[in-house]
Amino acid sequence: MKIILYFTMGYPDRATLSRFIASIPEDTVQYIELGFPSPDPKYDGPEIRKTHAAASFDAEDLEEIAGVARDSAEKVYALRYVSDFIQEPSFTDTVRNAGFSGIIAPDLLTDYFQERIEIVTGIERSGLEFIPFINPSTPDPVISEVLRTAGSWIYYGLLPSTGIMVPYDVNAITERIHGMNSGRKVVVGFGIRSLEDARKISSTGAYGVAIGTMLIRYLERGDVEAFSSLITRFSEVAEDVQ
Amino acid sequence: MLHSQSAEIIPSRWYNVVPDLPEPLPPPRSGSEEKSSIELLNSIIPAEMLRQEFTFNRYERIPDEIREQYLQVGRPTPLVRAVNLERVLGFSGKIFYKFEGATVTGSHKINTALPQAFYAAQEGVPEIVTETGAGQWGTATSMAGAINGLRTTVFMVKVSYNQKPGRKTVMGLYDGTVIASPSDKTDFGRRVLREKPDHPGSLGIAISEAVEYAISNGYRYMLGSVMNSVLTHQSVIGQETIAQLEMLGETPDALIGCVGGGSNFGGFVFPFIPGNRETEMIASTALEVPKFSKGEYRYDFIDSAGILPMLRMFSLGSDFVPGKIYAGGLRYHGSAPSLSILIRNGRIKTDEVGEEEVITALKLFARTQGVVAAPESGHAIASALRYVRNPDNAGKTVVINVSGHGYLDLGIFGEKK
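From first to last, the protein sequence lines stand for chains H and L.
Residue numbering for the first sequence is 0 to 241, as defined by numbering that gives the first Met the number 0.
Residue numbering for the second sequence is 0 to 416, as defined by numbering that gives the first Met the number 0.
Treat each hint with caution, since some may be false.
Said to hold, decoys possible - Estimated spans, in silico, between C-beta atoms of each pair:
#, chain 1, residue 1, chain 2, residue 2, range
1, H, V169, L, M246, 35 to 41 Å
2, H, L194, L, Q121, 48 to 54 Å
3, H, G178, L, R60, 15 to 21 Å
4, L, R57, H, R147, 19 to 25 Å
5, L, G316, H, E62, 53 to 59 Å
As the list claims (entries may be wrong) - Sample of chain H residues at the chain L side, in silico, Cβ under 8 Å:
#, residue
6, Y42
7, P45
8, A53
9, F56
10, D60
11, R69
12, P135
13, V165
14, P166
15, A171
It is worth saying that the hints were derived from the structure and are not from the lab.
Glycine residues also receive a C-beta, built at the ideal position from the N, C-alpha and C atoms.
Same shape as in the complex, but just chain L (with noise of 0.2 Å):
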């Protein structure tokens, strides 16, 4: 069977990774010694998201209802044996992948941007309040939203929505009002764009607009990644993953995944670790923003403002500004606290991989398996070449998260390319 799609396997519960870590998750940190940024999240994330970020419980759950969307937006995602691949590589091992770019909005980011404003919409409120870097989240908040009856605002980083105008066009659709961040709607986009009128923005700089804009308004801010409790409702990927390698009688030896924030990546490993220390793990990400091999494991903001509170993590700095890279959802300057352990007590490996290589892998991918998959999960393609070009893996195998589809970003091949 290569293709597996049947409602029991979405799982009925969310899987936390924090009581299985191998040392303690380090508590948030308050930026400002005068008023508590973690206490400020009272005001703007969903009461259920907060319980979820500090829990111990090792499963969470899923409401009726959610397990009802996720089936409506199209999980389970399919996983996949990539045959052709295989054939092509002339790999003596098998290949799997796990395609979110199946879901409605193209990517896993669906998977938490429903509870989310599954749980907002129990508040009353009437509107959400995100970011988006690639527009993939904003693409998911502003679907979530509409089907939960919510308004979605999405501040958008700039150089992303001037050229991603198909982007803006989907959450257009689903309703979404999309502000090119920085802009002049918050205190601190006009103070960015007072001392730089022509900045190309950050997903830090949109945080910090989208967190003021819910604060001044009394709305809910929406999520994206790195928060544990996202990571928990992202192991959907990971539980189905399991629940369909079983259903085929396979056992990975890798799992290889891309890492922006860390949100699909965790999902997709976490429910892999209990109990396991044989299957290798692999973090993929992007050359230009080497988070691993160049950041440092500290507490930084999770936002340029410091409006939300500091995380202990592999980090570039909350004011890293990356050039204009090729997979915008892979400019995030932090990775998240769990996988940030886990990476440095080695349990999970990294790779890092440039925009040239990438591009070949998304290609190889396009040409064998027909998927045109998201840049940011052509570096979870590109790794797992690596790994299976690898002598030593030959005849094992390998699972690959593609988090996304790209029909959104072809800009990256180039008219000639």
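Just chain H, with the same shape it has in the complex (with noise of 0.2 Å):
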């Protein structure tokens, strides 16, 4: 089982996540995942909430964090929400200027379910990646569309929004995924707070977990060790599982 990473850009400023990311020991993390802050991140939990709201950003720090992200796994991806890039058709050039490998828009097929077409051939047109995100809510007819239309993997969010918890049945998600069927590798989030967490997952097939919510904490304190540390025991748990 492989590990993915979310971080919001330039939360808690543009030096300390760098050092953060940096500092994600050797082969340990598959993909990283870079949010844009918004000013209505509308499907957020509200500790993610208040990254978004507490974030300093600019196009410098883009580059450099996109930079290092880079450095430190196998793709980086874009996490921001289409209510916030519909306006800014740039939106793709940038991010695959700055090396990301694709995009994730958690609210398209909520918000955008009729424009859905048009947004995912824009992102595809530019050469990224078109990450479907999808949760328990999403119907299963449109999960059957959209995995035909997905980039490598598609994120599963366990939960209507991060960082709450509400209860999950893995043996339900578990046949869920395996019946998608789609060759398409699962990463499964919104909700993983423990290794405890991260094992039962992984018992579901699914491809990676996705942590974001519980690493806050660390980057609050500017606790770097820490950080490295549990990322550390996140792929021993990830290793145990292969």
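Two independent chains are provided; combine them into the complex using the hints.
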């Protein structure tokens, strides 16, 4: 199983974030998702929302943070709400030029369902992968459709919003993931709060787990060593599974 | 066969429409920046309800205990062919009605009150709390609390509290404690009363008070409508109807029900949706609460105080206070998100009917079928009358969901009516 990390760009600041990303032990993290700060992070939980509000971020930050991330993971993806980039035609070129491999848009299927084909086509035309975000509320026919247009992997959110803990049924998730039978890798996130959670998810046959909310406390404290050690422990869980 | 009643008709599973929707159900959103109101649900509703709220499973097994309780309260409810109504109307097709008024509490509300009280009892809490508009939900919750060994507190919209003393009596018989809302029992209620001492109340205010009361006492809050898990429980209505129509060898052309928050309607029509594009589905609501024609499709709060999460739905605004309308159960400002999606995408049509037409329809239904239907259900009947009187619908088979009886709402007919 692989590890995928999420950071909000520019949180808590460029230098601290770069230091954290650079401290990721070699060969432990598969992908890094970098979230573009949003004035309305609508589907994020309270902790990630705070990072959006506090992030300081400009074009220079983008270049530096994306560069460090590329050196620390196999691929780097941009996570941004469609509502923030739909009026910004240059966005796809910007992220491609910064070395991102693709885009994850958490509100595409819920808020831009009618426009989805046009938006995905735009992403793909720019030479970027489209990574669909699906969750328990995504209907089966919609999942079948997005799987046909997906890039190399899909993001499966366990919960309706990050950082909130509603009960979920690992067996049912396993069945659903296997049922997708799409040939795409499935990364599970939104609600991974501990090594134990990661271990449980690994039993679903997921390709990887995405971790975001639980990293915030380390970023807040600037505790790089504890962060790096946490990633090592996650990668040990991941190796156990393999 | 006009009437079918057999325990085998009670389904063994609830049906959840979410995996079969044409587009994703927008997730609930927290209205607060500081604290997740979605996470708050963890501490106020039973964990099993929360799991069912966010599940992608198409079917959820109904616990044996709940099936037993369904049987005790009068399920399966009858599906009756309204032959007298057909004859009086000179209709060349068939009219059936599913009569949820035949449950012991007189409406469909018991279908979800029982599982919610059962799950709360399993968690060991001593008391359940809820709100009620017309009184049907409070009645069902009180009864479900009583048979699951729980105390029940019901915040009842003040205008209904004053107009419907019979409802209070019934809730009291089930050992429920009924409080007129806005009340002095909660911070929110006290705030509303300070601003307007003679406030008639609204369902949104009553929800806010019930939630606050549940949180401050560590009790469990019962959800009456709108939420997906509630519509899932109500699917017993539609599943029974499917089984009963099959026994009669009938295929419906149209399904017609009334919409307050959407739970009786969703429970009635959603089980017909998989693989079916032909059957017309018509959601009837009050002209006085025009959520589908005048409401906006947007995120809005479930309750007036904004304690609970926001849902994306057709809404007239969470601060909407309707006039003293005759159908209290249709006063609610919003409609279930799953139903809203299906209305937006055209799968479900809507109709709005006003008081005079509803009362005329209720009288005709009483005189032909002997059933005194609830004023809310009167909208379904009135929309069905419009449907069958349309010459294009000659010869069709129509099923109406009569969501409750109206014996505690006789005031709407007035002394001389």
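_Violations among the numbered hints, reported as their numbers in ascending order_ = Violated: hints 2, 5, 8, 9, 10, 11.
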